[in-house]
Amino acid sequence: KMALPLFRETDAESAFPYLELTLVFALLVYFFETYLDVRQYRRLLDKVLPATLKEAVQRVDERRGKDLQPMAGEKQRNPSDNASDGTGEGEDKEKRDTRPLIERVQDKFVNAQEYGAAKKRFGFFQVGIMQVESLAILVLGGMPWMWHTSVQFLDWAAPAWNTEILRSLVFVTLLTLYSTIINLPFSWYSTFVIEQRFGFNKQTVGLFVQDKLKGLGLGFLIGFPVISVLIIIVRWAGPHFYIYAWLFMTAFSLFMVTIYPTVIAPCFNKFTPLEHGELRQQIEDLARRLNFPLTRLFVVDGSKRSSHSNAYMFGFCNNKRIVLFDTLLGQSTNEEILAVLAHELGHWRHWHTLQMFFAQSAYTFASMWTFSHVLHSSDLYLSFGFSPDEMPVVVGLMLFFQAIWSPVDHVLSFLVNLWSRRNEYQADEHAVSLGYASQLQSGLVKLHLENLGTMSPDAWYSAYHFSHPPLTERLNAI
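Letter 411 of the sequence shown, counting from 1, is numbered 446 in the numbering used here, and no numbers are missing.
Don't read these hints as lab results, they were simulated from the structure. Even glycine gets a Cβ: it sits at the ideal position worked out from N, Cα and C. A couple of the hints might just be wrong.
Pair ranges (Cβ atoms, derived) [said to hold, decoys possible]:
hint: 1; residue 1: Gly234; residue 2: Ala50; range: 30 to 38 Å
hint: 2; residue 1: Thr133; residue 2: Thr293; range: 36 to 44 Å
hint: 3; residue 1: Ala50; residue 2: Leu325; range: 56 to 64 Å
hint: 4; residue 1: Leu325; residue 2: Phe221; range: 36 to 44 Å
hint: 5; residue 1: Glu97; residue 2: Tyr398; range: 42 to 50 Å
hint: 6; residue 1: Phe393; residue 2: Thr69; range: 32 to 40 Å
hint: 7; residue 1: Thr293; residue 2: Tyr398; range: 34 to 42 Å
hint: 8; residue 1: Pro328; residue 2: Trp454; range: 41 to 49 Å
hint: 9; residue 1: Tyr398; residue 2: Asn345; range: 41 to 49 Å
hint: 10; residue 1: Leu289; residue 2: Arg331; range: 29 to 37 Å
hint: 11; residue 1: Pro328; residue 2: Phe157; range: 39 to 47 Å
hint: 12; residue 1: Trp454; residue 2: Gln187; range: 22 to 30 Å
hint: 13; residue 1: Arg384; residue 2: Lys247; range: 36 to 44 Å
hint: 14; residue 1: Asp414; residue 2: Tyr295; range: 35 to 43 Å
Kindly produce the complete structure, drawing on both the sequences and the hints.
This is the structure:
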């Protein structure tokens, strides 16, 4: 009988088939999600604008009036209003398309469908290759081989420092570099072929490489200390380590939320204060109206990588900041930007971010508690080809999330998407209550148009994958 995986640190076998069950579950998930992808792809091949979407957009036009007769606050901004954003888009802002939304939707619907279909075709290939690769790693014993190689490397390079922490760091480095190399061709094709073909990509090859290197560097800089501390906690705290691991991960999450927008994000993008002008004044007035503690207002140079647009807010307590993509300023009117921000402020008003933080904290506690019951299971390590003599923490974590926690993750992911869609409706309702119904509707339509978003997804696909409700449903709800 041939034992799996093919490379093993020991000839001993597991009494429980963790590996075999993991392979079966991975294949079941792959076939189910591929079925949903096929349903979505067939939907994307339809080039006829759905009647439900057409009727919803026509109602938006009827409600807001013709764009040829802008509403109050919808007048074009002067180029000087946001001169500091560095985009040089002042001239373009005054040439905004003023046709009724339904005409623009009819013009771009086919292009949006083709964009989605192109990404989906590439996705079939990528996911198929990655599925074969991940199964091959499990069957061939790639993980125990990398751990064995890490041990041998330190035995040769620094035998006096061959500790569990250093072995784990070398092991994680090998896995990270392998994963980066495997994913690099897919990332390259997505950026420089698909995104380029549909006019979104603004990245140069140099910036692409720079981003990858920065990402790797920051990943190691942040990840190595976290892994080291987790190993120390598990070895020091004994059977109740999950309490201390949970407290540490919660503190680390708060730390990352604090430093990401002020330290990490500026490593990739330039954040410039929004120039004083009509838009800034309107945003500050909206914040005061809601008692939102706005302290800074930025424009980020998203256009140096892509023409996709967005807006978001961040910060704790009385130190809130709002960030607008420079591309958004060139695609939307003042009133539409205010409507989008009123939606984002709805998340703040309803405590959605804090709710998600507590949910994530509960998830961490539950996963760490469950992990504490299998950390010393020799069968788990043996099943994947590892020797049970050492039972390294980092290996145990990876096997736990791959073999035991993965079904839980898939169920929770679906439930989180349901919850997220509910939150989006609440945030929309908040913007409507502030008098931004028609502006939010037109803003959402324009965001879909400019980003070539999926306007008519398959119902099953969107229910399983989407964290935001489909466009037609949101327009009708508003």
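Range agreement (Cβ of Leu325 with Cβ of Ala50, hint 56 to 64 Å)
Given a distance of about 60 Å, which is inside 56 to 64 Å, the answer is holds.
Quick check: does the Cβ-Cβ distance between Tyr398 and Asn345 fall within 41 to 49 Å?
violated, 26 Å
Could you check the hint for me, namely that Thr133 and Thr293 are 36 to 44 Å apart, CB to CB?
Given about 43 Å between the Cβ atoms, the range holds.
Within 35 to 43 Å: is that where the Cβ-Cβ distance between Asp414 and Tyr295 falls?
holds, 39 Å
Should the hint that Gly234 and Ala50 are 30 to 38 Å apart at their CB atoms be regarded as holding?
Given range 30 to 38 Å: violated, Cβ gap about 57 Å.
Can you let me know if the beta-carbon spacing of Thr293 and Tyr398 is within 34 to 42 Å?
violated, 20 Å
Just tell me: holds or violated, for the beta carbon distance of Pro328 and Phe157 against 39 to 47 Å?
holds, 43 Å
Assessment of proposed distance window 42 to 50 Å (beta carbons of Glu97, Tyr398)
holds, 44 Å
Lying within 41 to 49 Å: is that true of the beta-carbon distance Pro328 to Trp454?
Roughly 26 Å apart at Cβ, these two residues miss the hinted range, so it is violated.
Within 36 to 44 Å or not, the Cβ separation of Arg384 and Lys247?
Roughly 38 Å apart at Cβ, these two residues keep to the hinted range, so it holds.
If you check the beta carbons of Leu325 and Phe221, does the distance land in 36 to 44 Å?
holds, 42 Å
Assuming the hint says 32 to 40 Å, is it satisfied by the Cβ distance from Phe393 to Thr69 or not?
Holds: the Cβ-Cβ distance is about 34 Å, inside 32 to 40 Å.
Figure legend: structure checked against the earlier numbered hints; hints not met, in rising order: 1, 7, 8, 9, 10, 12.
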